[in-house]
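Given next are the chains, with one letter for each unit.
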Amino acid sequence: MKAIKRLLLNLFSHLDLPLLAIVLALMGIGLLTVYSATSSDGFDKLDKQIINMAVSFVVMLAVARTPPQTLMRFAVPLYVTGVVLLVGVALFGVVVNGSRRWLSLGFTRIQPSELMKIAMPLMLAWYFHKYESALKARHFLIASAILMIPILLVLKQPDLGTSLLIGASGFFVIFLAGLPWKVIIGMGAAAGAALPFAWTMLHDYQRRRVLTLLDPTSDPLGAGYHIIQSTIAIGSGGGLGKGWLNGTQTHLEFIPEKHTDFIFAVFSEEWGLLGNGILLVLFTLLIGRGLAIAAAAPTLFSRLLAGALTLVFFIYAFVNMGMVSGILPVVGVPLPFVSYGGTALVTLMVGIGVLMSIHTHRMLVKK
Amino acid sequence: MSDFYQNEQDIDRFRNRTLLAGVLVLLCFLVLFARFVYLQILQYDYYTTRAESNRISLVPIMPNRGNIIDRNGVVLARNYSAFTLEITPAKTMGLEETIDGLAEIVEIELKDRRRFKRLLEESKNFESIPIRTRLSDEEVARFAAHRYRFPGVEIKARLFRQYPENTLAAHAIGYISRINTKDKENIETDGQAANYKGTEQIGKVGLEAHYEYELHGTAGYEQVEVDAGGRAVRILSQTAPTPGNNLQLTLDATLQRVAEQAFGGRRGSLTAIDPNTGAVLALVSSPAFDPNLFVDGIRFDDWDELNNHADKPLLNRAIYSTYPPGSTFKPLMALGALTTGKRTAAQTIADPGYFNFGNRRFMDDKVGGHGMVDMNKSIVVSCNTYYYMLANDMGIDTIARFMGDLGLGRKTEIDIPGEATGILPSPEWKQRRFKRPEQRKWYSGETISVGIGQGYNAYSTLQMAHALSNVVSYGRVFRPHLVHSITNPTTGEVRLVEAQPIRQIALKPEHVDFIKRAMAGVVKEGTGSRAFAGAPYESGGKTGTAQVFSLKSGQKYVAGALKEKLRDHSWYVAFAPVDQPKIVLAVMVENGGFGAQSAAPIARQVFDYYLTGKVPGGPAPETENVEGDAGAVIEEEDGHEGH
Chain A
1205 MKAIKRLLLN
1215 LFSHLDLPLL
1225 AIVLALMGIG
1235 LLTVYSATSS
1245 DGFDKLDKQI
1255 INMAVSFVVM
1265 LAVARTPPQT
1275 LMRFAVPLYV
1285 TGVVLLVGVA
1295 LFGVVVNGSR
1305 RWLSLGFTRI
1315 QPSELMKIAM
1325 PLMLAWYFHK
1335 YESALKARHF
1345 LIASAILMIP
1355 ILLVLKQPDL
1365 GTSLLIGASG
1375 FFVIFLAGLP
1385 WKVIIGMGAA
1395 AGAALPFAWT
1405 MLHDYQRRRV
1415 LTLLDPTSDP
1425 LGAGYHIIQS
1435 TIAIGSGGGL
1445 GKGWLNGTQT
1455 HLEFIPEKHT
1465 DFIFAVFSEE
1475 WGLLGNGILL
1485 VLFTLLIGRG
1495 LAIAAAAPTL
1505 FSRLLAGALT
1515 LVFFIYAFVN
1525 MGMVSGILPV
1535 VGVPLPFVSY
1545 GGTALVTLMV
1555 GIGVLMSIHT
1565 HRMLVKK
Chain B
674 MSDFYQNEQD
684 IDRFRNRTLL
694 AGVLVLLCFL
704 VLFARFVYLQ
714 ILQYDYYTTR
724 AESNRISLVP
734 IMPNRGNIID
744 RNGVVLARNY
754 SAFTLEITPA
764 KTMGLEETID
774 GLAEIVEIEL
784 KDRRRFKRLL
794 EESKNFESIP
804 IRTRLSDEEV
814 ARFAAHRYRF
824 PGVEIKARLF
834 RQYPENTLAA
844 HAIGYISRIN
854 TKDKENIETD
864 GQAANYKGTE
874 QIGKVGLEAH
884 YEYELHGTAG
894 YEQVEVDAGG
904 RAVRILSQTA
914 PTPGNNLQLT
924 LDATLQRVAE
934 QAFGGRRGSL
944 TAIDPNTGAV
954 LALVSSPAFD
964 PNLFVDGIRF
974 DDWDELNNHA
984 DKPLLNRAIY
994 STYPPGSTFK
1004 PLMALGALTT
1014 GKRTAAQTIA
1024 DPGYFNFGNR
1034 RFMDDKVGGH
1044 GMVDMNKSIV
1054 VSCNTYYYML
1064 ANDMGIDTIA
1074 RFMGDLGLGR
1084 KTEIDIPGEA
1094 TGILPSPEWK
1104 QRRFKRPEQR
1114 KWYSGETISV
1124 GIGQGYNAYS
1134 TLQMAHALSN
1144 VVSYGRVFRP
1154 HLVHSITNPT
1164 TGEVRLVEAQ
1174 PIRQIALKPE
1184 HVDFIKRAMA
1194 GVVKEGTGSR
1204 AFAGAPYESG
1214 GKTGTAQVFS
1224 LKSGQKYVAG
1234 ALKEKLRDHS
1244 WYVAFAPVDQ
1254 PKIVLAVMVE
1264 NGGFGAQSAA
1274 PIARQVFDYY
1284 LTGKVPGGPA
1294 PETENVEGDA
1304 GAVIEEEDGH
1314 EGH
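Taken in order, these protein sequences are the chains called A and B.
No gaps in the numbering here: position 326 of the first sequence is 1530 in the numbering used here, and each next residue is one more.
No gaps in the numbering here: position 136 of the second sequence is 809 in the numbering used here, and each next residue is one more.
Don't take every hint at face value.
Derived pair list, reagent style SDA-like, types lysine to any residue, alpha-carbon separation capped at 25 Å [to be verified]:
| # | chain 1 | residue 1 | chain 2 | residue 2 |
| --- | --- | --- | --- | --- |
| 1 | A | K1340 | B | I684 |
| 2 | A | K1249 | B | D900 |
| 3 | A | K1334 | B | D683 |
| 4 | A | K1386 | B | N680 |
Simulated from the structure, these hints should not be mistaken for lab results.
My request is simple: use the sequences and hints to build the entire structure.
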């Protein structure tokens, strides 16, 4: 008995309770909404999502117990593996819905770009940590190269949403590492100048999404349909919402991808502005807690990693809610901890685990 | 941690940047929140409406179309329910494959496919279109067992229009058929678009067309909650349709059948009117067609046959085909002469067998003439010379005015569409009708021909029956009508179609009585006597012959020697009983020869049935050549003009 008790204590000793509370609250909202979004189809995905959550929770516990120094050792191997797998995808990947994102292992398929969401900030944090206090322009150049390789590979698949998230995670590391402002401003200007060029590089469907965002009514039954229907869902939710399981847009199938990328429309229709406010507060708390952990972290590696991961959570939440409510183009980004789906949840919980590890191991480092 | 100060600086910068990021995060979330406030509070009403119109769909429920029954309750048009196999093209996996697959289960003929293709062109992709109608129970069962293989294919119970008496009174009743683009425009002009949302068929001809809005009823509708795929999830509310009104006709189905059968397939028409009310008792156009063919979209070969048949069965001759009335015009001329004071009944003329006008000679058909002829005799023996002179004395303007007053050359306003105006010739009419100046001039010789019902004169049997009815009712003019009453099946309220005279023609009763007696004389001892020999009632009548072509000078008309299509049209107008007329009719048999030969026997059978209940054994016989009723024979000495 004692052994079990110690094991349990040991297991939970590296939890950060505020973070845990916030994540559990978000997951609770996720379960309610996934149930509502899928129950009218005759079979709900509730049990599957509970399993997903349990698995991701275990992964989080494991990561949280791993000290940051150990995590640092995974940086290079994970990044290299990720790049190799992405090249593998480009060469031998399975095409699903017009995108080459998956690698078949025979018994299952994996999506290497998902790995990159963690490997990228890990790698860059490790790199800057390695050259701490001696950072020169060339280090930022090399860091940019480390960042660009996987991004280009993922863009090629094509997967705009994931390359955006990977790019954001890497950029936040470089930004927090102290990329000079004049470079940031210069890059911003260059990006602005490159926009017309980038436009020609985009796939037709990506261009259409941007155009549709600017004027959804231009193609109400085609590309604009998703945005129009999700905005109707949100708007008709009103102040207090139509009530759980009562969303007509949801239950009559007007919302596309209603349990995954567009789940926010379902939530918003049924819980209204009040629910949206609560959701925004939860995400603000999550990000605030993450940034606090980053600020308190003892090493450059853990600071950069914690800060970047936290800001990626923000990108997830902002891009998702922005696209569903029609102020950002439609890119495939789930609402963190709420959208249905195991892979994304595991990735997110690895991030939470890393934050917890950094926070709970800070004293040990100091000693 | 090589340099402590460096490290401290780094940490400061990191914290500054983290703080900056945090502020940016808050700003972004504020933007999102502002967006939510905009959508959920400021635009709430708009988006609620959008969501409601997304989910609620109004499905029209078609009302039952009203029935049509004859004056005695015989059903002439009704509805019955039958199963149809329908395809919604947008929901199928592939139209051709679906139809081919269905053909293995239920019989689908080439004509079904053709009709489907035609309907497909006229409809929208998400409308359901019948591929087969009137499935047998066995076919319904067979499809039900296989229906999982055919997405987008459904069995539907639909109401079909049925005309149980088939060809009987087909032209009067008309038919309904699929709404086309032009019908749609009319419906919109009439402000009926909402009521016709779910209606697929509309009255095209006859009573079905004229009383369309009475028969149609008011559509009901269901508020249905639908999902994004357009499938109905549940019914939110329902408003029942109001069925269309039933029509009770003035038509007597048995009389109609007797009259139709009397024609024995010959081309022609008959209109029988009750002179006391204007009620149409029989309206025959022969040959007829089966209106049932049109109901679920006529098949191509059926249409081809009806439309291109030499006898033109689709044509409603009774109201649309006009012919010179020939000698049936004479009693009306005589009444005109009495009314306008151009003749007294006793005035006599000497008939030498011809009438010279200018350098032309108008012939009577009796060589040597009828001798001394007064008005009565002029009608009984149908003396042309009398009317040549009369026409000349009256002048075309007087004739036109009087005949127009009787109802000729104008629409009778009968309650079915497609009525011809006919031609009442007059100088004004020529002015309107022709373009070239030499054609527009009225020649006084033309007046002479008009006097015996030839020339430009052209009337339908409806118009002739109407005019004679106006005469025997002493100038009371009723609007001829086929519908006696309109019944609302829900409230039981009955509306009568008017039985009031619409105007009064100034006729002296003694003049009318004189004409009636003269026409009775025609039946007793004149050109109608053979057809009416032994009739147990007294009727008045007048035979007539309309020329199909003019004979050249010196030619003698020999009916047998002419091709059928060139033979004269045979007319008979009549009323009975003479003292209290209950029925007036006009019959016309195309290329039937002398009026007494083909038309009068038909009138005899109709009167026999209507007045004594006698049902004839077969079509009316053609009597042998009867003398004394030829058309005008004009000897033209200068070939001035012909017609």
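Can you list which hints this structure breaks, lowest number first? The structure breaks none of the hints.
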